[in-house]
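Asker: Each chain, written out:
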Amino acid sequence: MSETYGDTYGDDAREHQLVGGFLIGTVSLVAAVSVILSLYAWINPPGQVPPPPPAHHPLTLADRYLVIAGPADRQLAAEEKSFLASERGDLIAAESDLLAEVTTIQSFDKRLAAIAFPAAITTTVHALILDDQRRVSLIARQARSASLRRLQSFDRRVQAASAAVAAEANLLSKTLNAPTSSG
Amino acid sequence: MANPAVRARIRRPHAREDAQSRAARNPVDAWMDQTFKFGGSAVKRKTIALCLLGLPALAPVFFISRAIIELNSNTLDNVEADVLGTGSMSLLILTLTVTPMVTATGQHWFVPLRKWYGVMIAVTATTDGTLALFTGLFAGGIVGQVTAHTFLIAGFAMVMLLLPLALISNNRAQRWLGKYWKRFQKLTYTIWFLLFVHLALLEGLGFQHGTNGPSASVDGNPVLHQRVYQLAACSLPLLVLRLPPVKRWVNKQQEEDRQWLVNLAVLPMAALYVLFFAFIVNEEIFKGVSAFRLQPVNG
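Chain order of the listed sequences is A and B.
If you read the first sequence in the working numbering, its first letter stands for residue 1, the second for the next number, and so on.
If you read the second sequence in the working numbering, its first letter stands for residue 1, the second for the next number, and so on.
Note that these hints are calculated values from the structure, not bench results.
Here the structure is a predicted model, which means the values were calculated and not measured.
Backbone N, C-alpha and C fix where the C-beta goes; we use that ideal spot for every residue, glycine too.
Don't take every hint at face value.
Stated by the list, open to error - The calculated lysine to any residue pairs, modelled on SDA-like cross-linking and capped at a C-alpha distance of 25 Å, are:
| no. | chain 1 | residue 1 | chain 2 | residue 2 |
| --- | --- | --- | --- | --- |
| 1 | B | 252 | A | 18 |
| 2 | B | 252 | A | 21 |
| 3 | B | 252 | B | 107 |
Unchecked claim - One-sided and incomplete, this derived list gives chain A residues near chain B with beta-carbon spacing under 7 Å:
| no. | residue |
| --- | --- |
| 4 | 16 |
| 5 | 17 |
| 6 | 19 |
| 7 | 23 |
| 8 | 24 |
| 9 | 27 |
| 10 | 32 |
| 11 | 34 |
| 12 | 35 |
| 13 | 45 |
Kindly produce the complete structure, drawing on both the sequences and the hints.
Answerer: Take a look at the structure:
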């Protein structure tokens, strides 16, 4: 009888030992994995992982647009100022200023065309480049003028072409959510 | 009555004998019981160790004391709940750590810390609750500060449970309550559960709140400063080592001189506990020092 009791008690004790060992072993394993994950979270905190740069995000495109539009605007403004001073009495200097304007505008158009805009914006960009090419063609003809009077006769048409370019540039700036630039 | 010899065998040893036998059994307890000369008097090693381990329990109240004395509303409004709340949480974890430590190590010299930490939780949490009544952001006066949000109700319930536990922590109350004293003390487990509810309602279960909650001003780690995660990670060994089958398994290994196996099993849980508890202490010190300098760092 006592042997049976002892066996039963022994079995119960062994069972408890097994349950206890299984429990602590399992939880230790979970704890070990948690320690590894916690250390990983410590070294690479989720909040500090920089988000991948969006390829076609309007703000990024705006930045890329402004990087080329800003310097081109400033250079074109300086060349126009120089042209306005020289067109009254120095034909060669005026022609040189006009050719410089052509180079600046063409360079801007080339760099603008290299930016991969989304389809919705491409139409505006193409319209801007087309207007710019019209202006370039007009300025190139103006630069070939044989006299100052002939050269000055282009001014109104060039101004109209520039206004068309400015309108397209403003539209593009609004679409890109960027500060207005004259293109 | 029929067989006094049998009764003598099954009689539980007297508490003092029990302590002596434990001390004799565990070499660390025996070492801690040894005395040494300190300022002309004999002092037990464990007295010094207990004082050193007990002193940090005063830190949360110390950190906020200057703001209370000077009635600095900027500090009280901004970091009072963080400093005293985090302090109470860390003290509760420390209180609950004593019993599993006894189970895992077989040592008993640090058991008096349980009572000290327990009393200090009550002091810290009551100070937190009292100040929150006057510095809270909710409308409706004192009642509004307690009932405006479910996490506040859980926090208030914790304070209400801690107060009687602190009051009956003395020997006279223990004698007076007899067998009911231990049942009353088990209310600590209810407080443990309520702390989970309080923190889950306060911070949610994800770590997205970590960036604008506790971590932003400390070190920017939203996971390791998430308070629910901290409490869960620290609670894991405290809960597992309280389970009867686990306690029996540990006792069996210790009886068979396989303490190394116990240490091996407990090691990952202890590592998880230490890792997260370090972040609790880190935040407590960071915000506590800012509160003491009256230059509160919130968020």
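Asker: Does each hint hold? Answer for all of them.
Answerer: Outcome of the hint check:
Under the criterion of a C-alpha separation no larger than 25 Å, the hint pairing residue 252 of chain B with residue 18 of chain A is consistent with the structure, at around 11 Å. With a C-alpha separation of about 10 Å, the suggested pair residue 252 of chain B and residue 21 of chain A falls inside the 25 Å cut-off, and the hint holds. Distance restraint check for residue 252 of chain B and residue 107 of chain B: the Cα-Cα separation of roughly 16 Å lies within the 25 Å cut-off, and the hinted pair is therefore satisfied. The beta carbon of residue 16 of chain A comes within 5 Å of a beta carbon in chain B, closer than 7 Å, and the hint placing it at the interface holds.
Because the smallest distance between the Cβ of residue 17 of chain A and any Cβ of chain B comes to about 6 Å, under 7 Å, the interface hint for this residue holds. Interface restraint check: residue 19 of chain A against chain B, minimum CB-CB distance 4 Å, threshold 7 Å, status holds. Interface hint status for residue 23 of chain A: upheld, as the beta-carbon distance to the closest one in chain B is roughly 5 Å, under 7 Å. Among the interface hints, the one on residue 24 of chain A holds; its C-beta lies about 5 Å from the nearest C-beta in chain B, closer than the 7 Å criterion.
Restraint check, residue 27 of chain A versus chain B: the minimum CB separation of about 5 Å is within 7 Å; hint holds. For the restraint placing residue 32 of chain A at the interface with chain B, the shortest Cβ-Cβ distance is roughly 4 Å, inside the 7 Å limit, so the hint holds. Interface restraint check: residue 34 of chain A against chain B, minimum CB-CB distance 5 Å, threshold 7 Å, status holds. For the restraint placing residue 35 of chain A at the interface with chain B, the shortest Cβ-Cβ distance is roughly 5 Å, inside the 7 Å limit, so the hint holds.
Interface restraint check for residue 45 of chain A: the shortest CB-CB distance to chain B comes to about 5 Å, inside 7 Å, so the restraint holds.
Violated hints for the displayed structure: none, as all numbered hints are satisfied.
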